[in-house]
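Chemist: Residue numbers (our numbering), protein chains in the order written: chain A, 1 to 244; chain B, 1001 to 1222.
Just so you know, the hints here were simulated from the structure itself, not pulled from any lab data. We put the CB at the ideal spot given by N, CA and C, even for glycine.
Simulated coverage check for chain B against chain A, where a stretch passes if three residues somewhere in it have a Cβ under 8 Å from a Cβ of chain A:
id: 1; segment: 1152-1161
id: 2; segment: 1174-1187
Pulled a few chain A residues facing chain B out of the computed Cβ check, cut under 8 Å:
id: 3; residue: Gly138
id: 4; residue: Arg154
id: 5; residue: Ile170
Residues of chain B placed beyond 12 Å of chain A at every Cβ, according to the derived structure:
id: 6; residue: Ile1031
id: 7; residue: Ala1039
id: 8; residue: Gly1128
id: 9; residue: Gly1192
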Amino acid sequence: MALIDLANPTRFRALAEAVLPWLAAATVVAFGIGLEQVYFAPDDYQQGATVKIMFLHAPVAWLSMMAWGVMSVAALGTLVWRHPLADVAAKAAAPLGAAFTFLCLVTGSLWGRPMWGTYWVWDARLTSELVLFLMYLGVIALWRTIDDPTRAARAVAVLTLVGAIDLPIIKFSVDWWNTLHQPASVFRVGGSTIDASLLTPLFVMAIACTLLFFTLHLAAMCNEIMRRRVRTLLMLQAEAAGGH
Amino acid sequence: MSALAALFVRDVRLAIRVGGGALIGVLFFLIVVTLVPFAIGPDLALLARVGPAILWLGALLASLLTLDRLLAIDHEDGSLDLILTAPVTLELTVAVKAIAHWLTTGLPLVLAAPLLGLLLNLEPPATGAVALTLLVGTPALTFLGLVGAAVTVALRRGGLLVAVLVLPLTVPVLIFGVAASNAAIVGPVRFGTPFSILCGLALMSIVVGTFATAAALRHAMD
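Generate the whole structure from the sequences, applying the supplied hints.
Modeler: This is the structure in structure tokens:
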């Protein structure tokens, strides 16, 4: 089946509904294994049990960025090939990305409370996540403002791609700004300083969260297709009622 | 070429004549800066320390204020459709419109900055640094704002939405604009380091803004 065949919503929904139960089951299994490993993972010698927040915080942070990546690929699909499914994929990914970014901010500040003594510091990573969150909200606002879905998809696609170019620059500038203002940062998680006993559960949790994202994304895409069908039917009904 | 020149002259004329509202941005800038001492107190030392940040924030907000009229007016009276169908590369058209807009709304902010710096107790070198960073930074704000104006062009009330969409994108410009101004005043970084990054950001915004706006207009109008 070529990608273009999926432009037919009925065919796509048939495929999605066949895949969804398996994807959901895989998500549950991955979360089961991941949580079991997190539960038995050793506490950090400095941070104690609070280190377990990391097993949710880091995967969610990774997904908050991946969701923008999914939206950017979908935006290319919208602008270059005008693939109708790309519009649906982009629209379904935006609230998910916002939710994962929000989770990242919440877990980050909950982790920050015992570590920094306060819920929020203008740490470089947290600050760029906050800007990312604002950009997701902007994209959702644009989706909700333009009533014609095709037009909205194109406007959002341009904004998404500009955002994709700007996001690494924002990350870089916030890092620069942060080092200028806080020469001695209190907080450091170096990639290589994590012990293997913590790395395996982290890896499993990352897979579990990624599976969760794709399960929710596929389900949201099906919902969006149904929503568009309802919209079309309502418009046809209105036309039939008024057009005699 | 003459079509572009005609468009440029038309846009500048429309902006500076009655109904154009080119100077409202400067007026807004003046009011924001006037309000700041009421909020944080008339302590001259404190004002001098936060002065560059206030001037930058004021200029950022003032440049957003005029964005919703940049393309929406032309869309309302139908001239945007004519401009789009003209046998000129759309990217060039967009760039010319943006330059005309910057000349009538961005440049006045830069020229007003030294006067407002006086109100905020900035030393002459500090004022010069802020004005120079604004001279480089406001084109970046205009071209980034242009993208926001283009994706909301068909909306009747896009004003606040444009601000919501554009402001997160301007974070790097704000950071390096204020950082360069502060570097000139207190250090510790040399002025040239953040300033050259600001120049780079401005050049990049001009390129990205032009092409993204042209793409958005093409897709919005067909």
